[in-house]
Each structure stands twice: as C-alpha cells, then as structure tokens.
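A.B. asks: Each chain is listed here by its residues.
Protein chains: 6
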Amino acid sequence: MELMMMTMREIKEYLKTNQTIIIPIGATEEHSDALPLGTDTITAEALAKRLGEVTDRVVGPTINVGNCHSITYGFTGTISISPTTLISYLKDYITSLHYHGFRNFFFVNGHGGNIAPLRCAFDELANTLTNSKFLVSSWWLMEELKELYDNAGHAGRGEVSMILYLNKSLVKSKFLTEEKRPMPKYYVTNDLARKYITVTGIINDTQEGSFELGEKLFNASIEAMAKLLRHLEES
Amino acid sequence: MELMMMTMREIKEYLKTNQTIIIPIGATEEHSDALPLGTDTITAEALAKRLGEVTDRVVGPTINVGNCHSITYGFTGTISISPTTLISYLKDYITSLHYHGFRNFFFVNGHGGNIAPLRCAFDELANTLTNSKFLVSSWWLMEELKELYDNAGHAGRGEVSMILYLNKSLVKSKFLTEEKRPMPKYYVTNDLARKYITVTGIINDTQEGSFELGEKLFNASIEAMAKLLRHLEES
Amino acid sequence: MELMMMTMREIKEYLKTNQTIIIPIGATEEHSDALPLGTDTITAEALAKRLGEVTDRVVGPTINVGNCHSITYGFTGTISISPTTLISYLKDYITSLHYHGFRNFFFVNGHGGNIAPLRCAFDELANTLTNSKFLVSSWWLMEELKELYDNAGHAGRGEVSMILYLNKSLVKSKFLTEEKRPMPKYYVTNDLARKYITVTGIINDTQEGSFELGEKLFNASIEAMAKLLRHLEES
Amino acid sequence: MELMMMTMREIKEYLKTNQTIIIPIGATEEHSDALPLGTDTITAEALAKRLGEVTDRVVGPTINVGNCHSITYGFTGTISISPTTLISYLKDYITSLHYHGFRNFFFVNGHGGNIAPLRCAFDELANTLTNSKFLVSSWWLMEELKELYDNAGHAGRGEVSMILYLNKSLVKSKFLTEEKRPMPKYYVTNDLARKYITVTGIINDTQEGSFELGEKLFNASIEAMAKLLRHLEES
Amino acid sequence: MELMMMTMREIKEYLKTNQTIIIPIGATEEHSDALPLGTDTITAEALAKRLGEVTDRVVGPTINVGNCHSITYGFTGTISISPTTLISYLKDYITSLHYHGFRNFFFVNGHGGNIAPLRCAFDELANTLTNSKFLVSSWWLMEELKELYDNAGHAGRGEVSMILYLNKSLVKSKFLTEEKRPMPKYYVTNDLARKYITVTGIINDTQEGSFELGEKLFNASIEAMAKLLRHLEES
Amino acid sequence: MELMMMTMREIKEYLKTNQTIIIPIGATEEHSDALPLGTDTITAEALAKRLGEVTDRVVGPTINVGNCHSITYGFTGTISISPTTLISYLKDYITSLHYHGFRNFFFVNGHGGNIAPLRCAFDELANTLTNSKFLVSSWWLMEELKELYDNAGHAGRGEVSMILYLNKSLVKSKFLTEEKRPMPKYYVTNDLARKYITVTGIINDTQEGSFELGEKLFNASIEAMAKLLRHLEES
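Protein chains in written order, with this note's numbering: chain A, 1 to 235; chain B, 1 to 235; chain C, 1 to 235; chain D, 1 to 235; chain E, 1 to 235; chain F, 1 to 235.
In short, the hints are calculated from the structure, not lab data.
Among these hints, one or two may not hold up.
Computed cross-link-like contacts, DMTMM-like style, restricted to lysine to aspartate or glutamate with a CA-CA straight-line distance of at most 25 Å [stated by the list, open to error]:
#, chain 1, residue 1, chain 2, residue 2
1, D, K16, C, E10
2, A, K185, F, E233
3, A, K180, B, E10
4, F, K12, E, E143
5, F, K49, E, E179
6, C, K174, D, E223
7, C, K172, D, E53
8, F, K185, A, D150
9, D, K180, E, E233
10, E, K172, F, E2
11, E, K172, F, E10
12, F, K185, A, E13
13, D, K180, E, E143
14, F, K12, E, E233
15, E, K180, F, E2
16, D, K168, C, E10
17, C, K168, D, E13
18, F, K180, A, E13
19, B, K168, A, E2
20, D, K16, C, D33
21, B, K168, A, E10
22, B, K168, A, E13
23, F, K49, E, D33
24, D, K12, C, E10
25, B, K49, B, E215
26, B, K174, A, E10
27, C, K185, B, D33
28, E, K185, D, E147
29, F, K168, E, E143
These numbers come from a predicted model, not from an experiment.
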C-alpha cells in the first residue's frame, strides 16, 4: 500500500487500526560507471514496497535525493541536499504525518549519508512531537546480513548484486571494475576525495556481484526489517 | 532517459552536447475521497518522463512532496514541506546539477503551491549561479490547454481525467462527487479552510472527468511543453 | 488613518469595531533612467493611503524595500531583500498585528517580485495563526485595469503615467525612451539579464505615459481595491 | 536627496564622487497614549532627511519597523521584527548597496532595540564585504545632547518634544501623563513587563516636553550628526 | 557550585529554594603577543566561580568561544561564532535551563562582542519564556570600576592586570608593548582593521598592568556583581 | 598546550610546523544521581589535554554543551544545543581555525549525541573548506577498548570508572545504583523516555565501576587516540 496511491478516505481507514508508516529514503549519487545514480533510492524503494506488502503497512512517498555533501559531491550526476536542509525537510515530512495520526516511523534507508541527518531530525522532534517512535534500518548495516554483505563498499559487490537482482538492465557490465585501497578513518574535504577515497567512484571493493547474491541480500533484508517493524510496533 | 537510471559516465556523455534537465515536481496532498494523494506527483512525473522521451532529454529525480501548507494541510494524508524549506531544498538540488554542468532547468510542475517557492528559489540563485535558465510549466495553467481544462478546480474534472488516463485503478469512482461554491480572492488560515474553501477536498468543481479528456489534456500538455523546451534551449 | 501616526489608544479603539489593516509593500528598484527607484513603493503607498481614506481603514507602515533578487539586482540603486528574509520579515510583521487583534490583512502591492514571498509567508502562517484572511492586490494585475493598463511593462507606460500623476517632478522626461523586445518565458541568472531581458531597465515597453492615464489607473485601482476590501471583510 | 526619489542614472552620477549613504531606521512601537506609534521612525526619518540636505548626501529608504521584541511587544500597535530576521534584513539591504559601490553606511537610528541587531549585522558583514565603514548614531545617546536630553525615558520628555517640533498634531495632549519608577538593570520576559517596567508605556519619565526643547534637540542632533558624518568620510 | 560538577539530584535540591544561575561567557580571541587567547574566558570564568562561591549560587558551563567576527577575526588564533549562531546557541542554552526551573539568568561576560548577541537572544526569548530575568555584567563596563579601569582598551592595562592576578605565567612579559591611536566611532570591514584599529592586537592602550591592579579590579568586580545579583533576585 | 592559554604569536609559531588541533567536545547532561552533569565534558577534556601532552599538539577550547535533545532532555540539569544550532556552531568554530591555517581537526568526543551533528558539520564544510581532514574519536566506541568497556551504558560502569579515576569526589557513591532493561532499537519522543529507556538516568547498566577500570580505560583511550592522530597526520 503506497500512500501516494491511496485516497484520503483510505488513509483515514488505515489509521483507525494502525499508526505505522514505512518511508523509503535513498540518494541520487554516483555509483561508478557501472551502476545507476539512483542505486540507493532504487534499493530503498524496492525494499520498502516489499516490506509494505509483507507487513500490510502503508509506504510513504520516497525521498529520492539525500545528503551526499562529502566524497561523491564532485562526481558527475550526484545531487545532494545539505544536512541542515535535509533535517528541515524530514521534520516537515514527519510533522505532517504526525498531525494526521501516524506514530511509528520506519525508515528504510539506502544511503549512509542520510543517517546523521535522520538522527538530528529525530532529536529536534523529540521535544515537539509526542508518543512517537522512529527507526532507521539501513540494509547493509544489519546484523543479519553481516556475513552475506561481507564489508562490501560503496558501488561494490553488494550494490552490484542488489541492482542485478532488482533491474539487471541498469548494470552496465562492461564498466564493472574495482578499486581496492585502505580507507582512512577520517573525513576529508572534497578536494581531497580522489586522493584519499576513490577515483572510480567505488569505495574499496570489487564489483563482482551476482543476481543470486542480490536475491539473498534482498530477502534477508526483508526478513530482518519485518522483524524490526514488529519490534517497533509491539515492544 | 532518467538520471537516476543512468550512470555517471552516461551523464558525462550527455552533458557534452546538452545541458538541459527536466525536473518533475508534484505534491502528496488530499485530492478528495476519489483521487489518490499522489495525484499531482503522478501527473507531473508521467508528463516529465514522456517529455523526456519525445525530446531526448534527461529527467531528474521526482520531487514527490511539495508545499501544501495552506488549505489542504488539515486533510488526512497531506504531507507538506514548508515554503522556506522547499526553497532551500530546490537551491541545493539545482546547485548540485549546475556544478556538474547543467544550465537549462525545466520544471514540470503538478501543484499550485510549488509555484511561489520555485520562483523564490530562482531569485535566490540568480546572483549565485551563472549562465542558467529556469522554466516552470504547470500543465493546468498553460494557454494551450485553456479550453480543454476549462477552469477545472483542485481534485476536479481535470485531475480526475488525468488520473483516469494515467492509471484508472487509482480513481475510486464510487466516491466521485462535487463541491461547487464561489471561491474567495483571499487566503485563509487553516482553521477557516473548511468554512471558506472546501469540505470534500474538491475546490469548486465537479468530478465529471473521462479517460478521453485525460488523454487530450496529457497530449496537449506534452505538445505545449515540448515547444516550451525548445524555447528554453534555443531562444 | 496611518498606524504610525496613531497612538496605542487609538488603535485599541479601532480594533473594537474593525480588524482590518491595509499594508503597502513596494520596492526600491531601478526603473530606467527616467523614473525614480522608489516607483513601486511610491505607487503602493499612495494607493494604500487613499484606500485607507475612502474605506476608513488603518494603513500599516510601508514596506519600502522588496525582493528584487533577479533581473534588476545588477542595475545601480536596486536594493533587494532575499525571498527567504522577506518571508521571515512578513511573518514577524503580520504576527505582531495578529497578536494585537488584527485579522484581515490587505496588502497593496507595487512590485511583482513580492508576490511569491507574500504567498510563502501566508502559507507558513496558515497553521500558526487563526481566524485570519490575507489578500494581495497588485494594481497592474487587476482585471478591472486590464484595458487601461494594456500589458505595459516594468518602467513602461503604466508606471510612467502613475508617477506623472502622483509626483510629476520625479519623472526625468528627457530620459524617457523605450525598449521593445520579445520576453522569454523563463527566468535567467543575473549575468544573463541584459542579454535576455533589458539593457535600459525597461521591460518590453515604451514610456509614452501621461498624467491623464495615471489618474485613470489610480482611480480605477482604488475603486477595484475598495471592492476587494469589502469582499475581504464581508464574504 | 532621497534614493527612492532619484533615478538609476542619478545614483550612478552621485557614486562617481561619493560613496556615503544615510539610512534612517526607526520602529513602530507604542509610545504611551499620547505619542504616535511611529515616533521613532518619524524622528529618525526627519533627522536623516535634514542631515542629507545639510551634507548633500543620499538618504536610503527608511526602515519603518524595528526590533521591539521585548517590553513593548505586548502593548497594542507595536510591530516587531525579530533580531535574527532584522540582522538578515540589514545584511541584504547593505549588501545590495555595497554591490553598487556604496562604502560608508551612516545609520540614523530612532530606536534602542535596533542597536544590537545593527551591530550583529555589521559583524556578520565584516568578513564578507570590503573597504566599508558602518556608523550608528542614536540621537538620544549622543554626548552632545546629554545635557539637553537629561536622561529622558521612552515616550518621555525628549520624544514628546521631538514630536511637538516635528508634527504637533500627532501629540494627543490630553493623554500626556507620567510614570516614574526605578528601572531594573535586567531584562524581563514580556509577561513581567508591566510589573517591572511600565504600565502606561512610558519608561521612567514625565511627558513635560515642549516645541522649543524639540527644536533644540533636533538641531543639536543634526549638528552632531553632520560632524560624525565628516568623521566617517574623512578619518 | 558548578552545575557540571553537580548531579541531577543536587540541582533538583538547589532549585527548591533558588532559581538563579550564573553563566560565564568569554571569547577565544587574540590579545596581542603578550596575553593568552583565552583572556576573556579565563577572566569571566574566574569571576563567575568566585561570584558563585560568595553568593552560594550555581555556575553553569562556561561559554568558551564568543562573537569575534569583527576587528580580531583576522588575527591568528581568534575563533568566532557568528552573532546569528550565537543567538541560537544562547536560546537553546537558556531554554533548557528554563525548562528545569531556572528563572534568573546572570551572565558574567568577558567580551564586548557578546553583548549584542546576548541582547538579541533575550529579546527573542521574551515572548517565549515566562517569569524570567536576564542580566549581563561586563566587568570593564561597571560603574563601580570606572576609576580603576580608567578606559583601558582591548589587551591593554586592565586585561594585563587581570591575567597577572589570575595566572601570571600566561603573561609573556617580554612581548608587552603598546599601541596608542585615536579610535574611530565607526565599525570597519576586516580588510580595514589593521589600518583603522590595531596592528599589534592592542586597542588604544599601553600594557602597563600589575598584579595589584588586577587584584583590585577582580575584587571590585566581585563586589559589584554580588550587589547586582541581589538586585536581580530581590527587586 | 591549550590554545586558550597560548598567545597569538605562539600559535603562529606552532602553525609553521604543524596544522593539527585537538578539540574536546562533551555534554552537560544528567548522569543519574551519582555522577556529575559534566561527566562527558570532564572526560573528553581530560583525554584531550593528555593527548595534547603526549603528542605535543594544540588543544582547542572545550565545547562544554552538546546535543542532548532526546532521552535526557527532560531530566533536571541537562542543557542541550539543538543539532541544527550545533552544526552551525561547529562550522563557525572550524572555519575560524581553517582561516588561520589549521588543517587536521581531531575531535575527542565524550557524548553520543554529538556524533551526528559533527558528521553533518563536516559534510557541510566539505565543499567550502580545502585540504582538510576531520576525525572524531569517541572513547567508548573504540575497537581497542571493546573488551574493557564491555558494552557499558550511559551513566554506567564505564563512566563511573572514568570519573572515579579523574575526580573521585564527583561520584556520589551512596546514590550508585543500576537500571537494567532491554533497550529498543528505535528512538522515542521525550514523553516516552522514562517508559522505554530510563527512569534513573542510567541506560541499561549497573554502576559497579572502579578507579582501576577508569585508569585502564583512560590509558587505553590515550594510546588508541595517539595512534589515530598519527593516522590523521601521516596517512
């Protein structure tokens, strides 16, 4: 059930028995020459919709563009909303839904750069809204996927596999490559991104993914997220 | 061609010969009990994608949620980004694309409440960016559709027809109704919205639309927009 | 009756029977070499004061500087408040008056660039204030003046006539000229303003105005505005 | 010479030999039942215009509404722009003029609550603009007027005299009164304003002013300000 | 009693009988080659702690960095928080304490550039908080120290003496010098700071201070502040 | 070496050979009835100063108050700076230092709620500053302390031990207690904090700490941080 496809009346009906909403949030960001710019959004949206189906919960409008202000900003095609703006945006988005009666906000996140702004937004809403819970699930960070994901990097094996599974035609196979190098434990200004982080747009990984791995990652994510959603609602 | 489905390399290639991007912007907003909350976004996105096809231009990520801070904010399901936040959001979105080389920004708009924030964003960018043009086309306001559209209102005949054409299953026919009343020439605070503007969520119109009218509106919009896009690039 | 000329006690008295305030908002902006930089403010203020007289309503302090962030910003003498700042300014201004009991806010606007920020401010106040109405009347856009105004442009026949009528000495006749060229349907960054919009500061018009036309425009404006003000209060 | 009454060409001419602008900034604020709400603005504007005449310098558009967020906010008719908004407003105002070539900014201030926001604005511009000077002259704080002004308070003898001199009809003599009480050295939240500061709107003074005192205060202010302006330009 | 050294339970206990908090606010700012960058903070903190001891009042966490956006920003080591950010910071700081029950806010200020932002913050809180008082005491501006302080300037005799008294080892005596020149009555942009204000980082003073003068200044400050604190609580 | 204790000249000297600064950032936040409100700041500051000593690097002014907008905001004594304000504050702080020549920013963090705002600030600076690196080390999250720290919670064994080691008198032993309960994986609004997270102010832990454990934690932190600092400078 997607909120954008439902009517006002249907949402009113839904809210009588359930106050949960699933919100996909991704990014529009370079993912090497082989993967589409929308990789994070495509993945988050697919996960959120499937999760909505298996749990019978409403899915809110996808947040297509996220915070990519560092590392990838200088790579062609990346669109970024600054953290401060994204915090305001999330606050407005959540506040509207809270006004209508939603209380459990389950974010299906596809992009690392969104985690800090999401946390900041929740903190700023903590004194303003009432009786609400916020949860962020980032598939590549889930305990249950640890072995499968195996520390894959940005635009690496994990994401290649996900996109192969979700929409194979979007993977430009002849440009699959790798960039393996030790990552620093610090952040850098963007003029240093190519020197310290990535030239190809891949962060410390190969791109040896597969449809099968994608399928496994996707299904394991859904299973883990469905469990988290029950945790959100029932604990 | 959708930017989110393309790779960094493909965008670089595109930019060598063309600096235009088409950007769909809609809203998630009550549209009576008969039309989906995503009516404005669904319409804007469909128009933008078709326009991208017929003109061979890149389409950016859809802005799914817009400014609905007045009138419909109090109707279940409406999600609104405040004008000030939306202005910041648009500035960040456009500035990223400008950084990569885009210069012609063609917005396909599905929602009246976005027009003022779009104008404000352009004004704030006018001193900051260079060599760029911004155009907003709102299908229901286009001269070429005047006769066809015939002053239809929010959630009225025009939008019913568009959604019947684009995705018939989203129209809940048994709730089609009408609300006809003289509209004031002023804005009101939201506590007065039902008294002065709308109870059903329809603004001064019937919902007597049709697939055929939708088809005509859609095609006429595409034709007019394609002309505008040439105007943007060539004049 | 001007609020700035009245005492606290007089305003208290006024509010007992009426909650309307008329607010003039203009701009300080180049108007070619022949018209004064304050053209928009002078016109808006004169209209507001006359309207206050004929309707016996209080007139608030004039907003002398508006949003001129695009097109004219680069022309000597233009002062501009950015849209985001102007929105905040309008919200503070209106909120103070609302706090004291005003409920009907009638803006007499002299400048196109203010329309979007005004709308944004009203939207942001729609959930915050209560029981209030906001109306913007821009004389050159009024249906009743359509024939008289005849699509005159910025610093063109219409404004020349208005200033001739209001304060003839401010029109530097020997610099009256014209700049006629097809206007684009898009906005441009300011580095393109002279190329696409105007070199003289006139936007697509001659400056063949007259005292008589000014008088007619002024009087027709007042008549139409007085009607609108009744509409604001009574409907 | 008022900038709003001058043309673009006249400002260009002026800037060839002088980069000074005089800017009146006042307030719209209760001044007891006897003095008009615009007392601070009326005074600042009159001083600025006269100063402009005697020094042959351009006077910018009056800032009619200032920061009255504390003490008087709760008194009918007071309109206040919050400090943060006023800082942004001043930055936009000054930045536009700097862009055109002005370098010496002489503020004629009529209201105490503007002093802190003015200073904050200058500080925020100090790293952004170049080669510029900012001066604030508040007539009632000038060393040269110390004896004449004799510690008069808000809406007290000094302001009564100024308005009697500038526009006698605006003083409602039958409501002239006094409120004398020891003032605290601290600020209070507005719910405590009547308890700690003022009930009548007068701050610790009588209202025993005179036209003659007003004339002296006005002339002494002009003399002192003209000296300050030379200091601004020449030192 | 320092709030940071106390437990939640101890603060609850304190609040049962007293709602006053003393807050030290300073700056990290060049103070010539002879005095430490933390001169203003060191002084404010020492005064606040002693004041807390003699009055048995709680001292809040020190605000180590203040507004130094003008004059000294370009001198090595100065750290500055912009006025607008500092206003937000102060509002958050005070609002938290108000939420817990504090009502009397006594700021011990060590830096001139903080005075305007403090006033702005109080003004913005005046309508939001209730039943509260705010007082700023800047030692070098106190009437009681006028004779002792004798118009000493930034990094001059007064501050040298204070630091000699508080922590002699921080004064690098061999770099003590002087810079005496007439000060302008205006503010300048930072590119003009060395030309109009200071080359050494001293503002119009010698550095002929002494431990004895420091002791006197410190003790006189404490005495005057203790009196002010009683005024805050009892009047 | 503390920047606040050094002179402008000493910082200039330092910058000739080193561009690193260590910045302690903590919080003023309830830590149960047994630990002081400044626990996070006291720890971060002590670690930063020791780190500065062992590495011979400059330590910047301590950021005493952090982001505690969720969970602990409602517990007496907590002072919180909102994430958005903290982001602005950090940007101003870092930008000043960058202006003077610092390029390696090593944050010693004592509080979990600061991690998201720090990341957001770095992201917003990534396009603005150049040639810089930012590193955040939060002692309780360091791999090297994993075994020692053993998943201790807020105000639990780990922090008790740290404060026993750093300043035993600040631990109010008779109020040492425990609160052990399963923690949710979601955030909650503050009205739910006591129901879902903590009643005592301890988050899922006992308070069975010791001086010895504190000493080990402290020393292990310093060792790990010194290694990280070399990584920051040399890799």
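A.B. asks: Now tell me, hint by hint, if it's right for this structure.
C.D. replies: The hints, checked one at a time:
1. The suggested pairing of D/K16 with C/E10 is violated, with an alpha-carbon distance near 47 Å, which exceeds 25 Å.
2. Note on A/K185 and F/E233: the hinted pairing holds, with a Cα-Cα distance of about 11 Å set against a maximum of 25 Å.
3. About 24 Å separates the Cα atoms of A/K180 and B/E10, which keeps this hinted pair within 25 Å; it holds.
4. The suggested pairing of F/K12 with E/E143 is violated, with an alpha-carbon distance near 37 Å, which exceeds 25 Å.
5. Distance check on the hinted pair: F/K49 and E/E179 sit about 34 Å apart at the alpha-carbon level, beyond 25 Å; violated.
6. For the given pair, C/K174 sits about 37 Å from D/E223 by alpha-carbon distance, which is inconsistent with the 25 Å threshold.
7. About 21 Å separates the Cα atoms of C/K172 and D/E53, which keeps this hinted pair within 25 Å; it holds.
8. Taken as a hint, the F/K185 and A/D150 pair is honoured in the structure, with Cα atoms around 22 Å apart against an allowance of 25 Å.
9. The suggested pairing of D/K180 with E/E233 holds, with an alpha-carbon distance near 22 Å, which does not exceed 25 Å.
10. Distance restraint check for E/K172 and F/E2: the Cα-Cα separation of roughly 15 Å lies within the 25 Å cut-off, and the hinted pair is therefore satisfied.
11. Only pairs whose Cα atoms come within 25 Å are accepted, and E/K172 paired with F/E10 is accepted, the gap being roughly 10 Å.
12. A distance of roughly 28 Å separates the Cα atoms of F/K185 and A/E13; the hinted pair therefore is violated under the 25 Å criterion.
13. Restraint check for D/K180 and E/E143: satisfied, since their Cα atoms lie roughly 23 Å apart, inside the 25 Å limit.
14. Proximity of F/K12 to E/E233 is assessed by CA-CA distance (about 45 Å); at most 25 Å being required, the pair is judged violated.
15. A distance of roughly 30 Å separates the Cα atoms of E/K180 and F/E2; the hinted pair therefore is violated under the 25 Å criterion.
16. Distance hint between D/K168 and C/E10 is fulfilled; the C-alpha atoms sit about 17 Å from each other, no more than 25 Å.
17. With a C-alpha separation of about 21 Å, the suggested pairing of C/K168 with D/E13 holds against the 25 Å cut-off.
18. Taken as a hint, the F/K180 and A/E13 pair is broken in the structure, with Cα atoms around 39 Å apart against an allowance of 25 Å.
19. For the hint pairing B/K168 with A/E2, the CA-to-CA distance comes to about 16 Å; that is within 25 Å, so the pair holds.
20. The hinted pair formed by D/K16 and C/D33 meets the criterion: a straight-line CA distance of about 16 Å does not exceed 25 Å.
21. Proposed proximity of B/K168 and A/E10 is supported: the alpha carbons are some 17 Å apart, at most 25 Å.
22. About 21 Å separates the Cα atoms of B/K168 and A/E13, which keeps this hinted pair within 25 Å; it holds.
23. For a cut-off of 25 Å, the pair hint linking F/K49 to E/D33 stands: about 23 Å separates their Cα positions.
24. A hinted pair counts as satisfied when its Cα atoms are at most 25 Å apart, and D/K12 with C/E10 does not qualify at roughly 44 Å.
25. For the hint pairing B/K49 with B/E215, the CA-to-CA distance comes to about 15 Å; that is within 25 Å, so the pair holds.
26. Restraint check for B/K174 and A/E10: the C-alpha separation of about 13 Å stays at or below 25 Å, so the hint holds.
27. As the CA atoms of C/K185 and B/D33 are separated by approximately 36 Å, the hinted pair breaks the 25 Å bound.
28. Annotation: proposed proximity of E/K185 to D/E147 holds, straight-line Cα distance about 21 Å (limit 25 Å).
29. The hinted pair formed by F/K168 and E/E143 fails the criterion: a straight-line CA distance of about 42 Å is larger than 25 Å.
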